[in-house]
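Chemist: This is what each chain is made of:
4 protein chains.
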Amino acid sequence: MIIVLKSGPTDEDIVCIEEHVRRAGYEPHTIRGEVRTVVAAVGDEAEHASLVSLKSLDIVENVLPIQKRYKLIARETHPETAKVDVGGQIIGGGTFQVIAGPCAVESLEQMVEVVAALNGCGSAILRGGAFKPRTSPYDFQGLKSEGLRILHETKSRFGLPVVSEVVRESDLEKVGKVADMLQIGARNAMNYSLLERAADTGKPVLLKRGMAQTVDEWLLSAEYLVKRGNRNIVLCERGIRTFETAVRNTLDLSAVALAKKECALPVIVDPSHAAGRVDLIIPLAKAAVAVGADGLIVEVHPHPSEARSDPAQQLSPKQFSLLMSEIRPYVELSGKKMPDMRS
Amino acid sequence: MIIVLKSGPTDEDIVCIEEHVRRAGYEPHTIRGEVRTVVAAVGDEAEHASLVSLKSLDIVENVLPIQKRYKLIARETHPETAKVDVGGQIIGGGTFQVIAGPCAVESLEQMVEVVAALNGCGSAILRGGAFKPRTSPYDFQGLKSEGLRILHETKSRFGLPVVSEVVRESDLEKVGKVADMLQIGARNAMNYSLLERAADTGKPVLLKRGMAQTVDEWLLSAEYLVKRGNRNIVLCERGIRTFETAVRNTLDLSAVALAKKECALPVIVDPSHAAGRVDLIIPLAKAAVAVGADGLIVEVHPHPSEARSDPAQQLSPKQFSLLMSEIRPYVELSGKKMPDMRS
Amino acid sequence: MIIVLKSGPTDEDIVCIEEHVRRAGYEPHTIRGEVRTVVAAVGDEAEHASLVSLKSLDIVENVLPIQKRYKLIARETHPETAKVDVGGQIIGGGTFQVIAGPCAVESLEQMVEVVAALNGCGSAILRGGAFKPRTSPYDFQGLKSEGLRILHETKSRFGLPVVSEVVRESDLEKVGKVADMLQIGARNAMNYSLLERAADTGKPVLLKRGMAQTVDEWLLSAEYLVKRGNRNIVLCERGIRTFETAVRNTLDLSAVALAKKECALPVIVDPSHAAGRVDLIIPLAKAAVAVGADGLIVEVHPHPSEARSDPAQQLSPKQFSLLMSEIRPYVELSGKKMPDMRS
Amino acid sequence: MIIVLKSGPTDEDIVCIEEHVRRAGYEPHTIRGEVRTVVAAVGDEAEHASLVSLKSLDIVENVLPIQKRYKLIARETHPETAKVDVGGQIIGGGTFQVIAGPCAVESLEQMVEVVAALNGCGSAILRGGAFKPRTSPYDFQGLKSEGLRILHETKSRFGLPVVSEVVRESDLEKVGKVADMLQIGARNAMNYSLLERAADTGKPVLLKRGMAQTVDEWLLSAEYLVKRGNRNIVLCERGIRTFETAVRNTLDLSAVALAKKECALPVIVDPSHAAGRVDLIIPLAKAAVAVGADGLIVEVHPHPSEARSDPAQQLSPKQFSLLMSEIRPYVELSGKKMPDMRS
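Those sequence lines, one after another, are chains A, B, C and D.
Under the working numbering, the first sequence has 85 at position 85, and the numbering climbs by one with no breaks.
Under the working numbering, the second sequence has 327 at position 327, and the numbering climbs by one with no breaks.
Under the working numbering, the third sequence has 184 at position 184, and the numbering climbs by one with no breaks.
Under the working numbering, the fourth sequence has 168 at position 168, and the numbering climbs by one with no breaks.
What the hints contain is simulated information worked out from the structure, not anything from laboratory work.
These numbers were taken from a predicted model, which means no experiment stands behind them.
Note that beta-carbon positions come from the ideal geometry of N, C-alpha and C, so glycine has one too.
Treat the hints loosely; a few may be bogus.
[Claimed, not checked] Cβ-to-Cβ under 8 Å is the rule here; a few derived chain D residues that face chain A: (1) Ile2; (2) Ile31; (3) Gly33; (4) Glu34; (5) Asp44; (6) Leu64; (7) Ile66; (8) Arg241; (9) Thr242; (10) Phe243.
[Said to hold, decoys possible] Just a sample of chain D residues kept apart from chain A, beta carbon distances all over 10 Å, derived: (11) Glu18; (12) Asp180; (13) Glu217.
This is chain A alone, in the form it adopts within the complex (with noise of 0.2 Å):
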């Protein structure tokens, strides 16, 4: 870490100074400018305290930390992107996957056409809220253990593997039964006692970046999941909260770009929270797999205008059908395949 005085420091404040880097571990360098004067403080930051602390005495104008705060996830030292087993389909190998389904589970109606809507497709995962966390207490909040038995029939019946959302420590024991994939929502981003607790049960996680976080802090996120033990966690960007008010939400890539090169997690991207509007899902899907991503998240839904739960960003199995062969050729361009058509 860099602290940095402010202009006419005393030798005295410079002694003091020095005394709480050392004490902090750190072996401090100083250097007197003629402008500004520094210490360095050497050492590893990702073992001692920080001396952020530092910057409450009157004599310091700031301190500035020099390292990046993660290190289990970062591609500096795991070269090699991870790869991540949901029920037997590969995210973060050179497979593309398309998690898609509806919003929220609805019936067992719905689920049935809704598979019969991704297969053949090349989208090997099925998505479907049980608990909906909704910004309205009025809203619909998902059909919550009933949803679960109805995503547990459609599993049976069909075999494909399923991600589903948890928002709450308890419900992840019964979540977990069904799901083969944990959701953690951009609401719950940060809420790092879920975080963990998801971390323990070993279950692959997919992390949604929170609307205001940074690619620093989503990336702690992932650190705090990691730390845990349990590596099987996939990224997902989905739009992040700016001035904009086109679109639901900006969609970010350049995070996934960021991401991608800073950490050897698997990254995917969901178009269409970031969208909010079905009209921007297929060129933002053609972006994210031309950004680099490792696959997409997407909504669709048998009949969107009758959905219980954001109705205008769902696509209808016609609209993904012409998605899935829409990104097709950019897949392959990337170097990455979808997964076998089933039939």
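Following the hints, position chains B, C and D against chain A.
Modeler: Showing chains B, C and D alone in chain A's frame:
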């Protein structure tokens, strides 16, 4: 709601929309304009399902809700601000409450020094975190149960009401045994499951605004709590995330003015987390008083440079004493008063 | 427009609103609902004055416009994308144009080296700034007239069309003598006076999106230009300002998809200013192709570490050559083609 | 500046960086740490070129500047706040100035009514726009020369100093003939060419913060003005663009506290453009006084619902009178005074 159709709808299109509107329980009124045809759906939006789903239809350009979605907390129906009793101290009456204490409980000695700093200043409620949600898993996460024990001991000795954060449902009982008021932090502001369980304890809840929550969404989070039958809710503005990097968060005092106008719950301000730096806390605290806040929550540490979390934003006892004397005349001018000093 | 009244309006209130509506040239249709009464103002919002002024009346809760405010550039009325001729190269037809060159013109030697780098790569338009708006008055502001002279000399030698930024009306003539296309930078995207004068030259204009402009506002800036009778306008997305600090700006590719859908002007992407760092430019460029952009503008410098402005985001000739070969198959897949290589 | 190298630099890498540092006029001090090696470049960053260019080298991870980039306006070197004389009224001394008037000059009758509203209230400077930059080309753009004529007539009759916006260099002379202070609006806050020409007139300049400018960038815009030899600059915070949609802009009072601390220019606040709605102006104005602002600029219109621009945010004379009486005691408490009332 107003459904705006794309240009040139056919008669069939309009009939289709009108049927959708009727099916949802509204009465449709169609107005054909030169450029756009709109269908007004007449009925109580709080009673019937949203029609936003119609956005998924090809012929619909936009759907505009016209009612606010919260009602239990709306000032329209509750003209008087609620008074929330926190261990004998009232928030939301004519008293301006300053909740103060360290970011994290670190030791009994620390807490004793903090209480000494509070005494005689006009601060009558103590804060202190035992469970700290931190962006990095390598940062100090609070003393947990030991922290609660110290908080309990401090409370027994000095008789001050205590506010403490809760980050997981399974801790609610233990935190509730010590704390007079449960704090929901910014990172959990949309963790609706935790909100509902916290409300169910019947205890007063301090609800911080999420760092990317609009005022409307923040009030809906409060509606979640009140819908469980608990009206002892205090809102807390603590800064939002913007592009500005000179402060930790951007304090949004228009949100305070707006929340006071739209809803009947008391609103306090946290200048410590907003600024993230000691030197701006006093001017922001004065502004918070002037804009109409019902109180403050500020961080005070006997020795900020040794604090184990958020050192740059914790006031020393001397700085805190200055803050309190500086804001006192503003509080009086605003027509409120500070609690009687203790001797 | 829809005027939403506050609860419980009197008959007189409604008559008053209806008169306001009629006076502005609209036909009022009043719909009394259980909870809210709304007055629909029927008429072409592009013809008549806005009724937003009614928000200032005590009895009005909200005024909702329902039409888009741009019409000259709307795809609704201009289904085909405009083709803009820049010194013989077409932007907006089936060709994918890559405009490339240094941030600032620094010397003739530099420009000669840059042109050598462009040649054979599929880049047929040269960029280079003579006037540089810089955040700090102490940073290099461009070579100004000397820069234009060098640009002119480069153009004479190699015959490439040239794009150069204009930052003040009084420079329009001199920049226009050299440049085949005038660039309006992000900082001037709402400098409407400069926009109008630039349009009046009749030259093609490259309009960058302001760093805090919504897509709607950006298109209205374009409408300013087209309203002067100049349809040779190309839009350029270059990233918006958000809370993310790992990149200089957040590239908003949904804005590209949206602008392509809503308006009939070509749209290109500037990954250099978005990322602000070389290592993300190639993946972002591929994503821009895939999302449907009509071209790119990228910064190339023969010796980036010696660049006098924006060094961190300028590609070396070798990196540029790699970029061009990496995007070529994506361009072909998207159904466009790159200009013929020069030998 | 601090140059942080990537892990494992060779001796040659370090020598190469040290040479770059020396060539730019700094003295290099290299510190080899366990995890990262840093090179501190010692020297006045305001004198020498930036080393940020080194970021383009493969071996460099980051470059951290440690000095502020403005110096002419820094409070560090100018402890006392400048006093700016606007036609006999001082901004920045102990007087709290409220600049008031309509968004746009519409007629002489309007201006006469406005002045009547100002009189006796403690507002001693008139505002009124003749040139209005508007987001849509179809909105009212001001009366232009006719507006200036009315402004001149108003000034002759009543003797009030006048502030008016200038949006293009070629208007500077004509606006300057009437206005005692030139306003640079938010949309032109980074139109450095206009800033320099405005400064060159020698007239006082009111510099609004750009809607996406950091405080640091805003102060650098002010530095542009002062660097031309004109110290009669007043800063104006008017809200920034965030994700919040309930207000037009988010008023950032921490920016006011920060600007007052960092720089020696007076700072005023525009609650009208921030809120964009009349009902929040009084609480925000009080907060602005309390945070330490040197004045306000507010919009007042004799008949807001008939205003030709920004109707929702203009106060009626009655509302303005209430504002002035409500803020007066806060002004006194803050140790400032309002100008003597006129009779």
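Chemist: All hints, please: hold or fail.
Modeler: Going down the list of hints, with the structure as the test:
1. Checking D:Ile2 against chain A by beta carbon gives a least distance of about 5 Å; that is within 8 Å, so the hint holds.
2. Restraint check, D:Ile31 versus chain A: the minimum CB separation of about 5 Å is within 8 Å; hint holds.
3. Given the 8 Å rule on beta carbons, the hint for D:Gly33 holds: about 4 Å separates it from the nearest Cβ of chain A.
4. Given hint, D:Glu34 at the interface with chain A, holds; its Cβ is 5 Å from that chain's nearest Cβ, closer than 8 Å.
5. Proximity of D:Asp44 to chain A holds as hinted, the smallest CB-CB distance being about 5 Å (cut-off 8 Å).
6. Nearest Cβ of chain A to the Cβ of D:Leu64: about 5 Å, under the 8 Å cut. The hint holds.
7. At its closest, the beta carbon of D:Ile66 sits 5 Å from a beta carbon of chain A; the interface hint therefore holds under the 8 Å criterion.
8. This hint holds: D:Arg241 has a C-beta 5 Å from the nearest C-beta of chain A, less than the 8 Å allowed.
9. Because the smallest distance between the Cβ of D:Thr242 and any Cβ of chain A comes to about 6 Å, under 8 Å, the interface hint for this residue holds.
10. Contact between D:Phe243 and chain A, as hinted, is supported at the beta carbon level, the nearest pair being about 5 Å apart and thus within 8 Å.
11. With a minimum CB-CB distance of about 14 Å to chain A, D:Glu18 clears the 10 Å threshold, and the non-interface call stands.
12. Every beta carbon of chain A lies more than 10 Å from that of D:Asp180, the smallest distance being close to 34 Å; the non-interface claim holds.
13. Every beta carbon of chain A lies more than 10 Å from that of D:Glu217, the smallest distance being close to 17 Å; the non-interface claim holds.
The structure meets every hint from the earlier list without exception.
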